[in-house]
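Protein chains in written order, with this note's numbering: chain G, 1 to 447; chain S, 448 to 650; chain L, 651 to 804.
Treat each hint with caution, since some may be false.
Unchecked claim - Here are the simulated lysine to any residue pairs, SDA-like style, with alpha carbons at most 20 Å apart:
id, chain 1, residue 1, chain 2, residue 2
1, L, Lys675, G, Glu43
2, G, Lys111, L, Lys764
3, G, Lys180, L, Arg701
4, G, Lys4, G, Ser68
5, S, Lys453, G, Ser381
6, G, Lys111, L, Ala768
7, G, Lys180, L, Tyr700
8, L, Lys687, G, Asn108
As the list claims (entries may be wrong) - Stretches of chain G that chain S covers, calculated by requiring three or more beta carbons in the stretch to come under 8 Å of a beta carbon on chain S:
id, stretch
9, 383-389
10, 431-442
Calculated from the structure, these hints are not laboratory results.
Because the structure is a prediction, the values reported are computed rather than measured.
For every residue, glycine included, the Cβ atom is placed at its ideal position computed from N, Cα and C.
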Amino acid sequence: MNSKEFLLQECENVRATLQDVLRHDYAAGSSQEFYDEFCERLEVLESILEPTDPTDVSTLGTFAKEISLLSTLVHRVERSHAGEFPWPFTEYLQDLAEPLCMENLAQNEGKPIIRVYAEGGLFSYQINLEDDLSVLNIGRRIFTIVFPHTLRHHVLLHAIFGHEIGHAAWTIPQHKSDLKGKVLEPLRAVGPLNSTSQATAWLKDTKAPPPILELRDQYADEYSEITLNQLDSWFQEFMCDLFGLVTFGGSFLAAHQTLLLALDPSGHRWGPYHPPYVCRKAMLWHACKHLGWPNFPSDISDTKLRSDIEAFVTEYCGSPPGPWEDIFTQDQVAQAVDALKDLLTQVGTSCFSMPDESILLPLVRMLREQIPPCGSDLSGSENPANRNVDFRHILFAGWIVADELAGQNNDAGKGGQFLVLNKLCEMGLLQQRAIDRYKAAKEGGTS
Amino acid sequence: MSALVKASILANMAQNKLVVSPIICGSQLGASSIDLRLGNVFLMVRARGIPAVDPGRFAHADDTAGDHAFQQARRQKHERYEASFGHKFLLHPGMLALVPTLEWIKLPANLQGIVTARSSWAREGLSIATASLIHPGYKGVITLELANLGQIPLTLYPGLRIAQIAFYSLSEDAKEKDMGSRFNMAFEPVEGNVAHEDEAFLP
Amino acid sequence: MTLLSMYKRDDSRTVYRILAEEAVKYLDRPGASKKRKIIFTNLARLLERYRYDAFSYDDAPGILEVFKPQGENQPAEHASTHHKTSSDVILALEAAHTQVYHSLSKQDLVENLKVLLAQLAASKVPDDQNTKAGLAKARVFFETLSERLRKRSA
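Use the sequences and the hints to build the structure in full.
Spelled out as C-alpha cells, the structure:
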C-alpha cells in the first residue's frame with residue numbers, strides 16, 4: 001500500500017468515525033450543520049486526493065495533515081454530551097460571540113458552526129475558531145468551545161470565556177486589523193513594553209517587586225531577553241482581558257482573579273505567552289475607573305446591597321497599582337476600551353452594562369433566599385410579570401453574594417457553598433432561558 | 448389540614464413564605480393548584496444495569512465508598528439524558544423516568560405539597576408513579592417519577608406542563624429538626640435508598 | 651515530541667498552490683458542487699487576509715493553559731512556535747497582484763475577485779462580456795499565483 005492509498009483508506013476511517021458521532025445526543029442546534037460540513041470536507045479531500053500523483057510528496061504530506069486535523073475534530077466532538085457542560089450558559093455565550101465571529105463571506109459560509117465539549121480541568125478553558133492558514137479544506141469554520149469537565153456547574157467561573165472571545169475575534173481579518181490599529185496601538189505606543197529592549201530592561205529593573213527578583217534569580221539564563229513574539233503574545237493577552245471586561249463585566253473580573261491567582265498565587269509569574277498577573281490587574285483597574293465602576297455603589301439605595309457591591313469593587317476592581325506593574329497610563333487604557341466597545345457595538349455583540357438596582361436587588365435577594373436567580377415574578381401576582389434578564393447580570397449577582405454566603409457557618413463548608421451558589425446560578429440561567437423563550441413566542445404570536 | 452385555594456396560594460407567595468419559581472404564565476395557576484413544567488434531565492434505568500432492586504445492595508451504602516464494584520453498579524444503574532428546550536424525549540410503554548420540574552419550590556414550615564399528574568397527560572397514559580408528598584421546609588426542584596402506562600410512546604419536551612402541585616396547611620409548624628439540612632437542596636433527580644434505616648430487616 | 655508531531659509544519663504554500671490550481675480548473679466548468687464551493691470560499695478567505703494584512707496566525711493557548719508546567723518558564727524563544735506567518739504566500743499574492751491587476755488597489759482587487767468567487771461558489775455566474783473578461787483575468791491571476799507558489803514548493 002503506498003502513501004496515497006493509505007490516505008484514501010484513512011478518509012474512509014474518518015467517515016466511519018463521523019457516523020459513530022450520530023449515536024450521541026448533543027446540545028440543541030447545529031448537529032446537522034456539523035455533520036453536513038464534515039461530509040463535505042471529506043468528499044472534497046477525496047476528490048482532490050484521488051487524481052494526485054503518488055509521487056507528489058508535498059501534496060500528499062499536506063493531505064496527511066488535513067485528514068489528521070479532521071479526525072481530531074470529529075473525535076473531540078464525539079466525546080461531547082449535553083450534561084457535561086452547562087448548555088444554557090453555552091447558548092448565551094453563543095448568542096454573544098457569534099456576531100463577532102462571522103466571516104466576511106458570501107451566503108451562509110461566513111457563519112461558524114458551534115460545537116461544545118468538556119474535558120479535563122482548569123487548563124481546558126478554550127475557544128477555538130479554525131485559523132490555521134495551512135488548512136486546505138474548510139467550508140464553514142468550526143467554532144469550538146471547551147469547558148473544563150471538573151467545573152461543569154461553575155457558571156460563575158465561566159465568565160472567563162469573555163477573554164477567550166477575544167482570541168476568536170482575532171482570527172477574523174477585518175477585526176484583527178481594527179484591533180491592531182485601534183486597541184493594541186494605544187497600548188503599545190508608550191510604556192515599558194514599547195519595545196523588546198525596553199521590556200527586557202523593565203524585567204531586569206532592580207526596583208521590580210521582590211517576587212520578580214526571586215523568579216529572575218531562579219531562571220536567570222532562560223529569561224535574559226524578551227522577544228518580539230513574546231511581546232505580541234503578551235499584548236494579545238492584555239487585549240483579551242479587555243474583551244472579558246467589556247463583554248462580561250464584573251463577573252469576568254472576579255473569575256479572572258480567582259482562576260489566575262489559583263494557578264499563580266504570587267501573581268508575578270510570567271512566561272512566553274502571558275505577562276505577570278499584577279500587570280493585567282493594573283490595566284483592568286484603569287479600565288474599571290474609565291467605565292466608572294468604582295462609583296457604581298453610590299447609585300444603590302439599598303444599604304446592604306451597596307455595602308456588598310463596595311466590597312466587590314474593593315476586592316476585584318483593585319486599587320492603585322505599584323509603579324513597576326503600572327505599565328499603561330489611564331489614557332492608553334481608556335482609548336483601548338472605547339475602541340473595543342465601538343467595535344463590539346458595530347458587529348452586534350452587546351457590551352456589559354451595570355444593572356439597575358431594580359434588576360440587581362431581586363437577583364441578590366433570590367440568592368440569599370437560596371432561590372435560583374432569574375427574572376421570575378415572585379410577587380404572588382395572578383398574572384406573573386416575568387422579565388428578560390441579561391445572563392451576565394445573573395452571574396454578577398452570584399459574585400456579589402459569593403463571599404457573604406461562603407462566610408456563613410453551614411454544613412456545606414466554604415468550597416461546597418461555592419458549588420451550591422454556582423448550581424443556583426446555573427439553574428437560574430436555565431429558568432431564564434425558559435422565560436425568554438416563552439416571552440419571545442408570545443411576542444411572535446406563536447403561543 | 449386544608450387545601451389552599453388560589454388566593455391563599457398567592458398570598459403565601461406575596462409574603463415570601465411559599466416559592467414556586469418561575470411561573471411562566473398565569474394559566475398555570477388553577478383554582479387550588481399550580482401546574483408544573485417538565486425539566487431537562489431524564490434519568491432512566493438501564494436494562495443491563497443491575498439484576499434486581501435489592502435493598503440489601505443499599506444497606507451500609509456509606510461503608511462502600513471505596514468499593515469500586517458497588518460504586519460502578521450504582522452509577523451505571525441509570526442512563527442520564529439532558530435535553531435542551533425544543534429537543535424531545537420518548538417515554539416508551541412500561542418505561543419509568545425520573546425527571547425534575549423546571550420550577551424551584553420552597554415550602555414554609557406550615558405547608559406541605561402533593562404532586563399529581565395533569566389529567567390531560569394522564570389520559571394519554573402518563574402517570575406520575577406515586578402521589579409525591581413534598582414535606583414542609585422542602586427546597587429544590589421536585590423529582591417526578593414518570594411512567595407510561597399506555598400502548599404507544601409519549602413524546603415529551605422540556606417545558607411542557609406535565610404535573611400539578613396542591614398545597615395543604617398543617618395543624619402546626621413542622622419542627623426544624625424534622626425538616627432536614629438547609630443545604631439539602633435538590634437540583635436534579637437522584638436515585639433513592641430503599642434500605643435507609645431498615646437494615647435491621649435485611650440479611 | 652511525539653513521533654507524528656514533527657509533521658505539524660506550516661503547509662500554507664502547498665495548500666494555496668493546490669487551491670489556486672483547482673480554481674483554474676473550475677473557472678470554465680459550470681455546475682454546482684461542494685468542491686467548487688469550498689475551493690472558492692477558501693480563496694475568498696485568503697483574499698480577506700491579503701486585504702487586511704492578516705497573515706500571521708496564532709495558536710494561542712487557553713487563558714489558563716499557559717500555566718501548565720511545560721508551558722510556563724520556558725526560554726523566551728519558544729514563544730515563536732505558536733506564531734506562524736506565510737511570507738511565501740504573501741509574496742506570491744503580491745506578485746500576481748502586480749502582474750495581473752497592477753492598476754487596482756488591494757482593496758479593489760479583493761472586492762472584485764470576491765464578487766466573482768461568490769458567483770462561482772454559488773454557480774450563478776452572469777453570462778455577459780464583462781464577467782467573461784473578469785473570469786479570464788482571474789484565471790491568469792490564479793495561474794500566476796500557483797506558479798509562484800510551485801516554484802518555491804519542495
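> Okay, which hints does this one fail, numbers in order?
Replying inline: Nothing - there is no hint that the structure violates, so all of them hold.
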